[in-house]
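**Student:** For reference, the chains in residue letters:
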Amino acid sequence: MNEKLKETFSSFEGKEEELIPLLQKVQENLGFLSDESMEEISRFIRIPASMVYGVATFYTQFRFTPKGERHIMLCRGTACHVKGATRIQEEVENQIGIKVGETSEDLKYSLENVACIGACSLAPCAMVNDTVEANLTPKKVEKIFSISKDKK
Amino acid sequence: MEKVNVIIDGLNLIAKSGKTILDVATENGIYIPNLCHHPDLIPTGNCRMCMVEVEGRRGQIIACKTPVEDNMIIRTESQDISLIRQTTLELIHSNHIQDCTNCHNNNQCKLQEVTAYVGVNEKRLNSLRRTKPLIEKDESNPFFTLDHNKCITCGICIRTCNEVQGTNALDYGYRGFETVVSTFGNRSIKESVCESCGECVVRCPVGALYPKDEKLPTREVKSVCVYCGVGCNIYFGIRDNKLVSARGDRDSIVNKGRLCVKGRFGFNFVNHPERLTKPLIKKNGEFTEADWEEALDLVAKKFASSKGDKFATLSSAKVPNEDNYVIQKFTRAVMGTNTVDHCARLCHAPTVAGLVQSFGSGAMTNSIDEFTNAATIFSIGSNTTAAHPIIGLHIKEAKRRGAKIIVANPKEIDLCRFADIHLQQLPGTDVVLLMGMMKVIVDEKLEDSGFIKNRCEDYDDFIESLNKFDLDTCEKITRVPKEKIVEAARLYATNKPSSLIFAMGITQHSHGTDNVLAISNLAQLTGSVGKESSGVNPLRGQNNVQGACDMGALPNVYPGYQKVTVPEIQEKFEKYWDVELNADIGLTHTEIFDQIEKGQIKSLYQVGENPVLSEADANHVKKVLDKLDFFVVQDIFFTETAKYADVILPATSFAEKEGTFTNTERRVQRVRKLVDPPGEARDDWQITCGIAKKLGATGFEFNSAEEIMDEINEVAPIYGGIKYNRIEELGLQWPCLDKNHPGTKFLHKDKFSRPGGKGRFFPISYKASAELPDKEYPLILTTDRSLYHFHTSTMSRRVKGLELLNEEELLLINPRDADKLNLKNEELVTVKSRRGAVRVKTNITEICPKGVVSLTFHFHETPTNELTICAIDPVSKIPETKVCAIKIEKTDHNIK
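Protein chains in written order, with the numbering used here: chain G, 1 to 152; chain L, 1 to 896.
Keep in mind that the hints were calculated from the coordinates and are not lab data.
Glycine included, C-beta positions come from ideal geometry on N, C-alpha and C.
Hints are not guaranteed to be accurate.
[Claimed, not checked] Away from chain G, derived, C-beta distances all over 10 Å, residues of chain L:
id: 1; residue: Arg175
id: 2; residue: Lys453
id: 3; residue: Lys749
id: 4; residue: Lys751
[Unchecked claim] Distance windows between CB atoms, simulated:
id: 5; chain 1: L; residue 1: Ser82; chain 2: G; residue 2: Asp130; range: 53 to 63 Å
id: 6; chain 1: G; residue 1: Asn129; chain 2: L; residue 2: Glu483; range: 44 to 54 Å
id: 7; chain 1: L; residue 1: Asn740; chain 2: G; residue 2: Glu39; range: 16 to 26 Å
id: 8; chain 1: G; residue 1: Thr65; chain 2: L; residue 2: Thr277; range: 53 to 63 Å
id: 9; chain 1: L; residue 1: Pro67; chain 2: G; residue 2: Lys6; range: 45 to 55 Å
So here's chain L without its partners, still in its complex pose:
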């Protein structure tokens, strides 16, 4: 960038052209007072504090909006500047109640800082004092308060909500003396569209917006958020062995300081009184407290008699890599079976199955940070702003930079506000939509033939399968107007770099793998993979679901996706672990429950999962769990599933342990111990090692999580170079082959990771969902997520504020369907499928199209998965939780 010479207050400085006077001054340690400036936001210059004088220009100039020019001579102080600043400051003060010692922002207040520098004339100020009555504080939001009486109308909160968050909850309302920061209709914050992310609270320069329950911490420790797969870096504040604050790490490439409502305010569960603190053993149907010796002895004794085919482990996508590594090692090396799986089966199994076949690796091909530079972002089957809020922000940022956004989703999700094209396909018709787009691309010769020729194979078979997908058929099946399909296809194929995002809307189908293969076909066809800001990006759901897969908590692979069926690999692990290993592929999540039902599996070891709420056809799961001879649950809370256990082992939460999480972009990041564990809770790896030792096994003598990572480095090549000392500040993205390897920003750059190095096309045909609506069950139920809760809400519903912001399940239903059934808003109805029934209140909304209703699965009072169908994708074994047929009945009001 071009350099310019400027003189500020007599100092000769060299600055980058394009920077503002304020930036250059600040960088060089020269203070210019300002109130409405924030480095993340577009300057508006409305506080008039940063006035400076420039030689040769008349009057005063706003430093925060004026770029430096070569040979500019700038003065930051003069008698005129001083007088203007002082007068303006007095006017600001006249509307600001003086309550400094009692104010949350005392000592951190920008107004105090500027006043200390500029000074005020007290006599004049007193004559200006406002006479307006005080406005009542807005306390409606559980996490923060809005006090208009302290507001200096700098607009930072408004601009943050617009520019950073894209929520647009706030703007200036009314005018002149009456001006206030207002929501739509001047409603309370809770009644507005505010998403409670707290970004405005963090940036408020005064005490007008302040967090309710935050205290200044004694110390801060950097760790990783435990909610979704984005993996935001957070500085947690600790005081008296409690988490008292959380702030985003501005240096983190993942979240750049930003957090969502769960990430900023959702950590009270750590200190929750319901945490499990002692091992519990079920005696005569009652859980009684036991000491660790007794509990581990019992577990070891029972496990000893159910080795091999009689045993299954469900590991956890919530616990760190080190814990997952130990758990799968225990299952394979001690229990002699490969039957270890985890909830990835219920979310991204088709992604792994599909992308491994087409590209060779089942992970996001790009980094999160690359989205902002994409020219087209195609999001299909992902409610990004609710399930991955910070990736949502990256998409919104891309949009502001001029990117085109295509959203394909049966519902009009929040991201549609930013979409250039919204394709509203019927649930379960994604294959048709994608193949239709590909047919347009091929017919209009928009494909990247060079890429197809040089980097892919099996193109001809695929092309033949396209013939069935003419636009009329596609429109009929998907209900998307064909003009829109054409428009989207052209945009994705020509406006490059194009990045594709997908999630559960693609995978949770009985043809989930076909959906994923269709996506990989589309990306290869247009050459939109293996490049910067251009690729195929499955957004992983849980904080460490990527890591749990990487660590081999899967029945067919050892750590690092090394197949259990390859003799050389088996030999390698046998040598390293010094045991004989089972060569048979183990059972998957859903198959485990089938085998328990058949009496084959006797003992189940389950870590950090809640299948009673998360598994499709949950009533079936409950029945099956009763059949187990011995069931061990290792968790932080007494979950809905824990009721069925024989032994419950209390584990530490993410806040009480060391380790690593791998986020959705393959970045391995450090999780650090923040507080001491409650009671006798132990780290998951310690518990599993304890059981292993009781069973007489060796190879479990670890003293720390870091020692486990050292072993992972040795056995899993993609983690070869991931050492704790390298990831203290910034995580590393696998593949990271040795200790000098820099990690991999995006995958498949010069060749695909399949054997042979080529990407593979797959011919695809359309298979309808297993259960379609009919006369008896006329509506399609699809499942979704709420921004305020996570998964089965074991953690989020124990955070009071999150519970207040989203108290209960609501059935989203289109007004035309509601009219037909004569339903009112918030009316209690019974939703029935062939497998179960739940009671829920209605929310009549255009978000759902006609014929489609939607529920989340966050609430145990409304167990949505008792309705869903356990139709399995034949390749990946994922159940079809995105489509089933239901009917709605009015509920008899006499029954409560």
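Bound conformation, chain G alone:
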């Protein structure tokens, strides 16, 4: 077993009711829920792997691909939607070359939709790691991501 996983499990007893806290802790420590870690959780608390997967996929808080260095949460809430979030999404996908829910192969970017980040006055907006990018336009999107490309 992965050392990090072993360490994560060490603060748990291996009981069935620890499933959700375990999933959260593993995601916190490893960044996402891999098949391997979910299988290990299933063995650790002795419940079927299919059930671990069923519970994990029920909650939007869990992710099954690793996060990129720059994790983009694109707001698709009402205000952003009205102000053209669809076009923003297309442009982001175009710029970084992956679709929503995916992580780029070089692990630089990951992209996901969120319902609302609570910054409706700045719509359409997104969060890149901990930074809020406000009043997005396709041009601005190009700028944000091309700069970052140059920097790298």
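Please arrange chain L on chain G, whose structure you already have, making use of the hints.
**Tutor:** Showing chain L alone in chain G's frame:
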């Protein structure tokens, strides 16, 4: 059970308390629509179709989950109920593609049935139609398809997989509108842990899970499965002289409708084009077709010149009792020798040798059905879920009912998922483990002294032999931590009724009989034998290995375990068969091959066996077969062994003949003719009778299998009352002494069947396996079975789907051993022992402990038994196929 009065729709009914409203209504012919209910499963009430109203309660109540109470007044229809059902049904329909005429389940669909009753508002329904794109069908499994677009998420498949099968391959994945029935990681069925048993397919109320190659049959006939010794009852569907479907018999006490992957999907071999259809005679090294007259004349002529010591018969654990009876009668009465044996020698010979000495009878003491009521089940040396899948289900059911499970197995087999304690002993150290447990029981005074005193003998000798097995020694030899030995011993001795299961892991050792005696000691010590749900249960491997033994296809006993060495018995058979008989015990399976090598045995008559793959040290067997003057093989396929034959006689398969199989719990069950035989194939008993008649013998004028059973009734007391007319529906368990005897559910109830009626303890010492790992050959090879194949795969590998699910042999090896040898997963390696070498790909897995590797013997491309050692148990003559020393070498990649 208490009765209650209820009124449903104005009808006064009396019902058993504890039953649900839906059950009571259904029993009384009142229809309440439902989609997610199945009588085998715990109700969940998630389809909301079975809503009813109960006077005095608010709103609607779910009929499938609510137990009836006294004086309940129930209405199954009202305007409210109707509206709720209709709306819910429309929502279900909105996610279900309308493809009824093209659907496999058309006319058998629950959704059609419920819709016909409830009705939908088409206008409203159309506005609800789903907009979601279609999900691609999962066609990965060779036997069935999963079509999510027809799924109504009733959860029956998920609950079946969890509650009935215990495989847990499925659960709901994702949520809301996106919810699907999903495997772990939403992988395809084939890539999941699914065991392809098809139980979910049978129960799917709509066409979301459906079998690929099944057709509706013209007629159905009930018969018995031909794979393992469980003996599941199956209704076979027949259409155009082919088997087109198979469904478990829900009324059968053996399998209760359930089947494993082989039992449900494994019968295409019957219609396989490679079936033998005409007798073949080897002329100038080539097999040429012959007619029956020519073939039988030749066989009779050759056999006539090799009577007595020059002749040997290997009978078959696959063919019915009637055929085995005729074959052993032919050997004894016509050929004048007791040298008739069969593959039981290679599986449960120590069981028979051991349990006959300690209890008086070498069979399962309990019935399969009794496992579910055991409080402790101790499974040692049995990969139950792979080799006896339906008994595996009984164990899982016991676990759900609260039983404790102890598994003792060198490998972390699938059953370990259900185990409370897993004792991972090194292969070949079972005696030490068992004696260690007994020492704990004696030291802690947990033995059943009343049982020992009243029902057993020779206790003191045994007790003395326990002294050598202190816990530290046991831990050192077995590698099982002593705390676990203590825990297991306490559990087995105190949490009763305790039932013990064992199989090849106990028997296939050069000290196999000692292993079995240790088991019988343990059972007697705790009084765990001769009681309901409590006993010693060797699981027999082949479909009719129990029957072949019962019929006397053994060198030391006549039918019904009557010894050939007892003059009165010999006299009885001489009188009945009207011939003079040989009083000498014949040779065993392994001894037969030795005597062929020495030139003593000239002719071999072999029915339905494949020793070139199944015998230990198979290279030796091949060399020996070449030495025979005359070798007759009677089989359904051209096996690896058939190559060595002089004459091959085509036999009928189980699907083409009448007869009986005796399953592992001693139940004699009817096998029925399903289809016509291919070409000129004949029943085994007909062929043997034909040879006998050519040799001028009398007593072989049978016209049917039933007439043979009539003769068996006369000569074998334990089969005395087993008449075809009594076993049409349900089989009978021997001993069944006369036509009014009800059969015997469990053995040794008030006394043991040994002379004197007492069970006997045996002192035991530990003998190590014949070949232990050393510097040159550092790893232990043990052998195992796959769920998807049977024995040498003569049948199962001719079923395309089974072949797809398990295509090739894999060497199971622990990651630490693999690291040491610098091996990658699926790397082609050469496994070498002192006797042979095979090439195989690796499967690096924690299932095997460090130092132990494992192979099956199902694949002729990887003949595992060329590695195994033919070290023989001195009592039972079984070869040690469970332990030998091997080494692994990287294979040069230039060699293909």
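**Student:** Now tell me, hint by hint, if it's right for this structure.
**Tutor:** Cross-check of the supplied hints:
At the 10 Å boundary, the C-beta of Arg175 of chain L falls inside the reach of chain G, the nearest C-beta of that chain being 5 Å off. The Cβ of Lys453 of chain L sits about 42 Å from the closest Cβ of chain G, beyond the 10 Å cut-off, so the non-interface label holds. Once the 10 Å rule is applied to beta carbons, Lys749 of chain L is consistent with being away from chain G; the minimum gap is 38 Å. Non-interface call for Lys751 of chain L relative to chain G: holds, since the shortest CB-CB distance, roughly 43 Å, exceeds 10 Å.
Roughly 55 Å separates the CB atoms of Ser82 of chain L and Asp130 of chain G, a value that falls within the hinted 53 to 63 Å. Our hint of 44 to 54 Å for Asn129 of chain G and Glu483 of chain L holds, since their Cβ atoms are close to 50 Å apart. Checking the proposed 16 to 26 Å range against Asn740 of chain L and Glu39 of chain G shows it is violated: the Cβ atoms sit about 57 Å from each other. Under the hint 53 to 63 Å, the C-beta atoms of Thr65 of chain G and Thr277 of chain L, about 57 Å apart, fit the expected range.
In this structure, Pro67 of chain L and Lys6 of chain G meet the distance hint of 45 to 55 Å, their C-beta atoms being roughly 47 Å apart.
Figure legend: structure checked against the earlier numbered hints; hints not met, in rising order: 1 and 7.
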